[in-house]
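Residue numbers (the working numbering), protein chains in the order written: chain G, 4 to 121; chain R, 68 to 223.
A portion of the hints provided could be inaccurate.
Partial pick of chain G residues on the chain R-facing surface, computed with a CB cut under 10 Å [unchecked claim]: (1) 11; (2) 13; (3) 21; (4) 83; (5) 85; (6) 88.
It should be emphasised that the hints constitute simulated quantities derived from the structure, not laboratory data. Glycine is no exception: its CB is placed at the ideal position from the N, C-alpha and C atoms.
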Amino acid sequence: MKILVVDDSATMRRIIINHLKQAGYSDIVEASNGVEALSRMSGIELVLTDWNMPVMDGLSLVKEIRHNPNFSSVPIIMITTEGAKEEVLEALRNGVNDYIVKPFTKQIILEKIEAVVG
Amino acid sequence: MDVRYINPFINSLINTLKMMMDLDAVAATPFVKDNSKTSGDITGVIGFAEKKIMGSVALSFPEKAALMLFEGMTGEATDEINRDVEDCIGEVANIVAGGAKTEMAGQGLSFNISVPSVVVGQNHSIRHKAETPVIVIPFSVKDETFVMEVTMKLTD
Chain G
4 MKILVVDDSA
14 TMRRIIINHL
24 KQAGYSDIVE
34 ASNGVEALSR
44 MSGIELVLTD
54 WNMPVMDGLS
64 LVKEIRHNPN
74 FSSVPIIMIT
84 TEGAKEEVLE
94 ALRNGVNDYI
104 VKPFTKQIIL
114 EKIEAVVG
Chain R
68 MDVRYINPFI
78 NSLINTLKMM
88 MDLDAVAATP
98 FVKDNSKTSG
108 DITGVIGFAE
118 KKIMGSVALS
128 FPEKAALMLF
138 EGMTGEATDE
148 INRDVEDCIG
158 EVANIVAGGA
168 KTEMAGQGLS
178 FNISVPSVVV
188 GQNHSIRHKA
198 ETPVIVIPFS
208 VKDETFVMEV
218 TMKLTD
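Input sequences plus hints: build the corresponding full structure.
Shown next, in the form of structure tokens:
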């Protein structure tokens, strides 16, 4: 499975990618904002994205993906510090499949991925 | 400052270090800061604001503590503060502020948080967003210590 990890923090990308690799996912692409992510969507089967990023934020990225017929069905999990109920609902309304609030453990990420791509 | 508004930051920091690094942070007695200097070699700062509140939180680490956190977060060791460590400290500050934001939203006090900024160097100064007393909470993790500074101004 080809996974796109989108976060403006290199540390957070590194943590998520380490967790994915330890679980056997090896085909991983990185992006530091929504614009970079859109340019790297070819062949992507799962997107893990932050919300607050410069250039293009995660919510805008989700909207772009959902409105692009080439990628509209790709599962998206948002991983963010935005944990208030209204924000979770807004993300889900805009097409996010699942939602992880930072901080998280490796187990939480892997369980959410399994639930989404099953 | 009302302790109800400090506890979410303490809770969030302890939770962040436990979940992301499996580290147990222990808070010591808070005190009021009497100058603008920080105690650490690297500090991550985040401002927060909304109609009813304005303030900032800073996490200031001695070099050894920062390197320990970096290794705990990424699983990779380094022997000096570099751009990767700076990014890591900024992200820790971001997660801590985000956790506090979520808890305080549950108390009816909402705010937005800024992008983190990171300052490196011995005896550096931090200018907090609100001109109100700065509460310093010392923490210990394993054999290392660091501080969290929180200040906020509430308006009706």
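- request: Mind listing which of the numbered hints don't hold for this structure, in increasing order?
  value: Result: no hint breaks.
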